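J.: Line by line, the protein sequences give chains A and B.
Residue numbering for the first sequence follows the working numbering, starting at 239 and increasing by one per position.
Residue numbering for the second sequence follows the working numbering, starting at 44 and increasing by one per position.
Don't take each hint at face value.
Pairs of lysine-lysine residues, derived as PhoX-like cross-links and limited to a Cα-Cα distance of at most 25 Å, are as follows [said to hold, decoys possible]:
id : chain 1 : residue 1 : chain 2 : residue 2
1  : A       : K486      : A       : K535
2  : A       : K479      : A       : K646
3  : B       : K239      : A       : K646
4  : A       : K400      : A       : K489
5  : A       : K674      : B       : K181
6  : A       : K535      : A       : K383
7  : A       : K663      : B       : K84
8  : A       : K383      : B       : K181
9  : A       : K423      : B       : K195
10 : A       : K352      : B       : K84
11 : A       : K486      : B       : K181
12 : B       : K195      : A       : K489
13 : A       : K400      : A       : K535
14 : A       : K283      : A       : K306
15 : A       : K400      : A       : K353
16 : B       : K239      : A       : K679
17 : B       : K84       : A       : K567
18 : A       : K551      : A       : K352
19 : A       : K319      : A       : K353
20 : B       : K239      : B       : K138
21 : A       : K383      : A       : K567
22 : B       : K181      : A       : K430
23 : B       : K84       : A       : K319
Keep in mind that the hints were calculated from the coordinates and are not lab data.
Every value quoted in this text rests on a predicted model; they were computed, and no experiment measured them.
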Amino acid sequence: MKKQLLLASLSTVLAFGLAACGNSNTAENSGEASGSGNAPGEKTKISYWTGDRHDADFVKEKVAEFNKTNTDGIEVELVVKGDDFDTALDLSFQTADAPDVIRVKENTIGTFYKKEYLAPIDEYLSDEMKAKFPEMANLNTFDGKRYSLPNYGTTMRLVYNKDLFAKAGITNPPTTLQELVDTAKKLTEAGKADGAYGFAQNFKNPPSALGRSARVIAEMSGFGGFGYDFKTARFDFSGFKPIIEAFKQIKDDGSMLPGVESLDIDPLRAQFAEGKIGMYLSFSSEPGVYSTQFPAKIDWAAAPAPTIDGKAKGASGFLGGQWLALSSKSKHKDAAWKFMEYMYSDSILTAYQENGYGISMVPSISAAAKTPEVNGIEGFLPNQYDGVWPVYPTVAPEGMKSDDAFFKYMLNGGDLDATIADLNKRYNAALDDAIKNDGLKAEPDPGFDPAALAGKFAK
Amino acid sequence: MNKTKNAAFAYSYLLPSAILTLVLGIYPIAWAFRYMFYNYKGYGTARFIGLDNFTRIMHDSQFWDSVVNTFVYAGGKLLLSIPLSLLLAAILNRKIRGRQLLRAVFFMPTVISTAVMAVVFFTIFNSYNGILNQFLIKFNMSSSGIDWLGPKHAMLTVILVAVWGAVGNYMLLFLAGLQNIPEDVYESSSLDGANKIQQFRFITLPMLGPVLQMVIMLAIINALKGYESIMVLTEGGPAGKTEVMFLYLYKLFFPVGGSSASTQVQEFGYGSAVAFVSALIVGMISVIYFYASRRMNRID
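Chain A with its partners taken away, still in its complex shape:
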């Protein structure tokens, strides 16, 4: 009986002990928050979370350099997350274990702002910095306050296998959808015996696949990349009809790599590096991938994405406008800003571009930095077609999302007009709901000209 009593007491003590540990930890943190918790000589520890892996070695090196050289006693812990970045960040804010500095992207900064994860940085910005880094509405600035600064932007291109093109006797990459279909067919005819096919996309994840292919074709052709028309402030997916029909045609022709339904982006890249894919569409991170992650065994290049009819009536999305942001929950905002200031220094931003990790969106860096020495990057450098589109509204439609509905049509066929009409109806209902209940602003802009967005970043 005594033994039982002892065990029971021990369990209770342990349970309360754990709770007590939590409390003491909180108390310690609050002390630090006031700025008086650090003993003399003790480091101020902050954390930087990123989901980027293509530049992980470079950032790791720069963080180590900062930890070694800064005289303010700041120590940065770099945390590189995988695909679970957003989920992990949500959890960190629920558990009061949020990072101090957060990597934000064009498709996350708006949501993180709404979730109140970010702190404005205006008070830290010198006049020089304000002039140097472009202010971009809804990309780094919300309701008149800045939350991030740009570093690099991402362009989208058609990536093609030059060896397979030569084997098929094709000299130029396609510039229209019809040429895309025909080229895929010819490449397949030339390469099938060796297991090479004309075209592929990572359709295991249709939003990722169409977000890097159909999107850029639509944008180059003058249509909103996610079906949103800025002129009318309504969703209209009809611009996607010829694009999806062309993709379906490629699949029906047998010119698409078998098994694209289960293909993720990295396996796709691995297959391309081996010479098994003739063409695909993707972002400007590809040159880095083929120089380190999957060294390409083929000669390859990148070209502007084709348009629907060969006429560029819009701009090829140049994505970016933000990089690092300050966490609203950071207990060491001053220290976190010092780290951000260091990362946004000319030397790091210049090295970032010159090492081929991204194409600078900061005019002064872009003007002075050399072209990166990475094979294939020249095709991704900003040209007369690239431009920054306004931010598309975020809505939550009921039922199947557009990318899934389009991929379903590609596999099963059916009535594409009816699919588009259904998407328009559901997305506009969700838009109306977001305007009414979430305070979303969506005003028609009859003078909006997508072609006018292009060319502003070309050297």
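Please arrange chain B on chain A, whose structure you already have, making use of the hints.
T.: Leaving out everything else, chain B in the frame of chain A:
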């Protein structure tokens, strides 16, 4: 006094797990119960919308497709895994050489993480450079391979992977049941002239009834709730062909990315309602099965 003391001991032992159940089990369920009636995307104010989420479920063809897929997946998994594991248990219950090793080998998949197992199977089944297709092509059994994870075969493939992962576990439970059947029952039936098939039909199966009932019950619940290996193998694709109920639910809470912010909107309110309806479906099927199989619990 002694009784009170004993009760106090019992409660003190229960306390830690009760706290954990409360925090990790009851609280999230209560949270979900509340948000079923709200429109909440993880930011801003949660808006009370009454029963709108449930009306939406009624018209959500993606959800009902996922329910149908769940039944196909669970049905296929049960039809293959239960007889197979019973057969294996019956074989490995006999005095054959190396049976201990074989039992360990068949049980091994249960120990391996589902995600790791699914990644391994992906390298076997993927259509563009999977091991299985390379084998089929090399030995002229197929000219260009089979699209194992494509629209026609994806469901069959995910079922086979699930069966591989489950058979060892159920085999072990059956084995425990078989070892509880007294040997002399078989001996006396042999004296009465019963052959092996008759022994299995009239002795093994009835006496294994309670174990069989429990194993099938577990298998039904596991199969209806399973989605992890499907997520790795197909992410519910192609075009929703393998999207089961709990994978659809998972995606409502943790959307699978894309470059549009709209594809990443978290639907906590609607997701909570879907979670409730899904749990109700699993619960109802379990109750129906339990009622229908109550005869199995009797050893005549």
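J.: Looking at the structure, which of the earlier hints fail to hold?
T.: 1, 3, 5, 6, 8, 11, 15, 16 and 18
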